[in-house]
Each structure stands twice: as structure tokens, then as C-alpha cells.
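Position chain B relative to chain A; hints supplied.
Residue numbers (our numbering), protein chains in the order written: chain A, 1 to 120; chain B, 1 to 205.
Since the hints were made in silico from the structure, they are not lab data. By construction, the Cβ of each residue, glycine as well, lies at the ideal position given by its N, Cα and C atoms. It is possible that some hints are incorrect.
Below, in silico cross-link-like pairs of lysine to aspartate or glutamate (DMTMM-like), each with a Cα-Cα straight-line distance of 20 Å or less [said to hold, decoys possible]:
no.: 1; chain 1: B; residue 1: LYS38; chain 2: B; residue 2: ASP107
no.: 2; chain 1: B; residue 1: LYS78; chain 2: B; residue 2: GLU178
no.: 3; chain 1: B; residue 1: LYS179; chain 2: B; residue 2: GLU81
no.: 4; chain 1: B; residue 1: LYS62; chain 2: B; residue 2: ASP46
no.: 5; chain 1: B; residue 1: LYS111; chain 2: B; residue 2: GLU18
no.: 6; chain 1: B; residue 1: LYS170; chain 2: B; residue 2: ASP102
no.: 7; chain 1: A; residue 1: LYS5; chain 2: B; residue 2: GLU178
no.: 8; chain 1: B; residue 1: LYS176; chain 2: B; residue 2: ASP131
no.: 9; chain 1: B; residue 1: LYS179; chain 2: A; residue 2: GLU8
no.: 10; chain 1: A; residue 1: LYS37; chain 2: B; residue 2: GLU18
no.: 11; chain 1: B; residue 1: LYS197; chain 2: A; residue 2: GLU14
no.: 12; chain 1: B; residue 1: LYS127; chain 2: A; residue 2: GLU14
no.: 13; chain 1: B; residue 1: LYS40; chain 2: B; residue 2: ASP107
no.: 14; chain 1: B; residue 1: LYS176; chain 2: A; residue 2: GLU8
no.: 15; chain 1: B; residue 1: LYS113; chain 2: B; residue 2: ASP168
no.: 16; chain 1: A; residue 1: LYS33; chain 2: B; residue 2: GLU18
no.: 17; chain 1: B; residue 1: LYS179; chain 2: A; residue 2: ASP2
no.: 18; chain 1: B; residue 1: LYS83; chain 2: B; residue 2: GLU18
no.: 19; chain 1: B; residue 1: LYS90; chain 2: B; residue 2: GLU18
no.: 20; chain 1: B; residue 1: LYS197; chain 2: B; residue 2: ASP107
no.: 21; chain 1: B; residue 1: LYS179; chain 2: A; residue 2: GLU14
no.: 22; chain 1: B; residue 1: LYS176; chain 2: B; residue 2: ASP43
no.: 23; chain 1: A; residue 1: LYS5; chain 2: B; residue 2: GLU183
One-sided and incomplete, this derived list gives chain B residues near chain A with beta-carbon spacing under 8 Å [said to hold, decoys possible]:
no.: 24; residue: GLY10
no.: 25; residue: THR12
no.: 26; residue: PHE15
no.: 27; residue: GLY19
no.: 28; residue: VAL129
no.: 29; residue: THR171
no.: 30; residue: LYS176
no.: 31; residue: ILE177
no.: 32; residue: ILE181
no.: 33; residue: VAL188
no.: 34; residue: SER192
no.: 35; residue: HIS196
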Amino acid sequence: MDLIKVAENAFAVETNLPKFGAGDTITVSYRIKEGTKERIQNFRGVVIQRKGQGATATFTVRKMSGSTGVERIFPTCSPFIQSITVNKTGKVRRARIYYFRKLTGKRARIKERRVVTTKK
Amino acid sequence: MPGLIGKKIGMTSIFSAEGINIPCTVIEAGPCVVTQIKTKEKDGYDAVQLAFDEKKEKRTTKAMTGHFKKAGTTPKRKLVEFKPFPEDCKLGDTVGVDLFADIGWVDVSGKSKGKGFQGVVKRYNFKGVGDKTHGQHNRLRAPGSIGASSYPSRVFKGMRMAGRTGGDTKTILNLKIEKIIPEQNLIVLRGSVPGHKGSYIIIES
Numbered sequence: 001m002d003l004i005k006v007a008e009n010a011f012a013v014e015t016n017l018p019k020f021g022a023g024d025t026i027t028v029s030y031r032i033k034e035g036t037k038e039r040i041q042n043f044r045g046v047v048i049q050r051k052g053q054g055a056t057a058t059f060t061v062r063k064m065s066g067s068t069g070v071e072r073i074f075p076t077c078s079p080f081i082q083s084i085t086v087n088k089t090g091k092v093r094r095a096r097i098y099y100f101r102k103l104t105g106k107r108a109r110i111k112e113r114r115v116v117t118t119k120k
Numbered sequence: 001m002p003g004l005i006g007k008k009i010g011m012t013s014i015f016s017a018e019g020i021n022i023p024c025t026v027i028e029a030g031p032c033v034v035t036q037i038k039t040k041e042k043d044g045y046d047a048v049q050l051a052f053d054e055k056k057e058k059r060t061t062k063a064m065t066g067h068f069k070k071a072g073t074t075p076k077r078k079l080v081e082f083k084p085f086p087e088d089c090k091l092g093d094t095v096g097v098d099l100f101a102d103i104g105w106v107d108v109s110g111k112s113k114g115k116g117f118q119g120v121v122k123r124y125n126f127k128g129v130g131d132k133t134h135g136q137h138n139r140l141r142a143p144g145s146i147g148a149s150s151y152p153s154r155v156f157k158g159m160r161m162a163g164r165t166g167g168d169t170k171t172i173l174n175l176k177i178e179k180i181i182p183e184q185n186l187i188v189l190r191g192s193v194p195g196h197k198g199s200y201i202i203i204e205s
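Pulled out of the complex, with its shape left as it was, chain A reads as follows (with noise of 0.2 Å):
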């Protein structure tokens, strides 16, 4: 696996993401390139999951269209990912909330956890 590291850090771009993880609701600034022009989509929801490591991480975020689910998977290296902004931080038992999806309505809330941030 050591060799492996090496070879990803050559390639490796620095990133500036924040810390989250599952049951955080984050919104994710995503570039779209349509034809010639680029533009920025932002996607909101809950973090289902962060899985993998290295070049290969991705997380999964869901969000609520209408009545429909929508869960995307994003790599965590991916380029095109411009910012990630954490709006919420949930609090949850699990590392991987799969039960959120069969949640709807009230009951398809987190409970959030309040943070301390130190103002600079």
C-alpha cells in the first residue's frame, strides 16, 4: 500500500476541502462543462457516506427533489468539485447512514451538533 501512496502523491493536487463526514449537510459547488461554457452547480443535501481512500475516496450526498430522492456520488480528488461548504453538522451513530433513505418527512431529520468555532 506504501508504494500505492507514492504514486497517488505524485499525481496528488492540493485541495483545500473542509472536514465532514456522514450526517453532515453540506453543499457541494460543482463545475459543469456544457459544450464550450462552464458554470458552477451547487448540490445540497445530507452525506450518506465517505468511502475509500486516497485517489479512489468518494462520498455520497443525498438531497430531496420534490418527493424524489437524488444521491450523487462525488470523488473526493475530483477536479471539477470547486469548493464544499458544511452547512450543518449532524449528529449521527453511524458512519454510514443507509437507514436516511427509507426516512421521509419528519422523520428524515438529523439532530445537529453544535460546534464550537473559534472566531480568528
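Frame of chain A; chain B shown alone:
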């Protein structure tokens, strides 16, 4: 066709400049030592024998110890002949990954993963019978007919049937070199190569 002996480390993926996710294989290649130079006069053909991967002297036979001693090197696990190699190499020379520095594409051969006794669907990509229902009994992955009846009254040789799968030498042609990291003797190739992690492979340009 100069080449090197390497070891498969594993796979990962990288993002290209256009943002395309490319699957890649990381290979530890070399440094290989020249342990024998075969010539037309002596051996009937020209070739260079390279050795790779350290081995304990305790585990080396006396005959092989002598062979390595001749080249002035420590015992190695894997020996492979390459031909033709540049003529100016001498016994005991080391060849490293910088051999591929100006080459964009390589061929890689190795022993594919053994899959054991497999049916024709996995072994030869037969499509199976097709339907799960509509009168099908238990023929979902069956090969179907293997020939006609009274003529020829036999099954032709080479008919593709179930059997031992994998575990034979395969060569993948034209894999693009994405990066060479000389400090760790690493080559990063686009795509996959045969074999397990840690299995020996031969890289040729």
C-alpha cells in the same frame, strides 16, 4: 525490444488535465541486474538475461550462487531473457526505470489470476441460455449444442467447454505510461495488467 522485470503493486486512479478519471496500475520495475549476455557464437542467439528482486543467499542453490557471483551481484528471485538489448551492456550492469524515459507506450506480460474450474459463460463469454423463465429448467448458464448428430458423430477438437480458467501468461499491448518515479523505481501505467498484486510482470517497450 529492451524491457524490465517488475512487480505489480496495485491499482489506483488519477484525474487527467481534462478531469477524466483514469484507472492506473502502479508497478515497481527494476532495478534489474544483467546476469548473463548470450551471444550468437556461444548460445546460438543474442539475448540479455536480467535479474530482479532480492533473495536470501541461504535459499539459493550452489549453482545459482555461482551464476550470480559471476555477474558480481547478490542472489535474485526472477530471471528473464530479453532480446535484442542494446549491445553496450556489460555483466553486472543495472537497468532502471529510466529505460522507459522517452517511451510513451509499453507491452506488459504476466500470469493472469487463476480462476479455477469455470463454466463457459465466464471462460469464453458465452451468453448462457437467455431466459430464466418460459419453460427453462436449469440451463441458465449452459453451453448449448456442441455439434451436430450422426454427421460428424464426434465433437470437434478445440470445442470451447468448461475447464480451468486463468493462470496463464497474458500480454497486454500498448499501455500508456502516465508517470515514471525513478526514486522509488515506480511506473504508473494506464489500465490494468495481468496478475495478482505482488506478481512478477515483464514490461517491454
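Right, here's what the structure says about each hint:
no.: 1; hint: B/LYS38 <-> B/ASP107; in the structure: violated (23 Å)
no.: 2; hint: B/LYS78 <-> B/GLU178; in the structure: violated (26 Å)
no.: 3; hint: B/LYS179 <-> B/GLU81; in the structure: violated (25 Å)
no.: 4; hint: B/LYS62 <-> B/ASP46; in the structure: violated (26 Å)
no.: 5; hint: B/LYS111 <-> B/GLU18; in the structure: violated (34 Å)
no.: 6; hint: B/LYS170 <-> B/ASP102; in the structure: violated (25 Å)
no.: 7; hint: A/LYS5 <-> B/GLU178; in the structure: holds (15 Å)
no.: 8; hint: B/LYS176 <-> B/ASP131; in the structure: violated (41 Å)
no.: 9; hint: B/LYS179 <-> A/GLU8; in the structure: holds (11 Å)
no.: 10; hint: A/LYS37 <-> B/GLU18; in the structure: holds (14 Å)
no.: 11; hint: B/LYS197 <-> A/GLU14; in the structure: violated (28 Å)
no.: 12; hint: B/LYS127 <-> A/GLU14; in the structure: violated (46 Å)
no.: 13; hint: B/LYS40 <-> B/ASP107; in the structure: violated (26 Å)
no.: 14; hint: B/LYS176 <-> A/GLU8; in the structure: holds (17 Å)
no.: 15; hint: B/LYS113 <-> B/ASP168; in the structure: holds (8 Å)
no.: 16; hint: A/LYS33 <-> B/GLU18; in the structure: holds (11 Å)
no.: 17; hint: B/LYS179 <-> A/ASP2; in the structure: holds (17 Å)
no.: 18; hint: B/LYS83 <-> B/GLU18; in the structure: violated (38 Å)
no.: 19; hint: B/LYS90 <-> B/GLU18; in the structure: violated (44 Å)
no.: 20; hint: B/LYS197 <-> B/ASP107; in the structure: holds (18 Å)
no.: 21; hint: B/LYS179 <-> A/GLU14; in the structure: holds (18 Å)
no.: 22; hint: B/LYS176 <-> B/ASP43; in the structure: violated (34 Å)
no.: 23; hint: A/LYS5 <-> B/GLU183; in the structure: holds (14 Å)
no.: 24; hint: GLY10; in the structure: holds (5 Å)
no.: 25; hint: THR12; in the structure: holds (5 Å)
no.: 26; hint: PHE15; in the structure: holds (5 Å)
no.: 27; hint: GLY19; in the structure: holds (5 Å)
no.: 28; hint: VAL129; in the structure: violated (35 Å)
no.: 29; hint: THR171; in the structure: violated (23 Å)
no.: 30; hint: LYS176; in the structure: violated (14 Å)
no.: 31; hint: ILE177; in the structure: violated (12 Å)
no.: 32; hint: ILE181; in the structure: holds (6 Å)
no.: 33; hint: VAL188; in the structure: holds (5 Å)
no.: 34; hint: SER192; in the structure: violated (14 Å)
no.: 35; hint: HIS196; in the structure: violated (15 Å)
The structure fails to meet hints 1, 2, 3, 4, 5, 6, 8, 11, 12, 13, 18, 19, 22, 28, 29, 30, 31, 34 and 35 from the earlier list, while all remaining hints are met.
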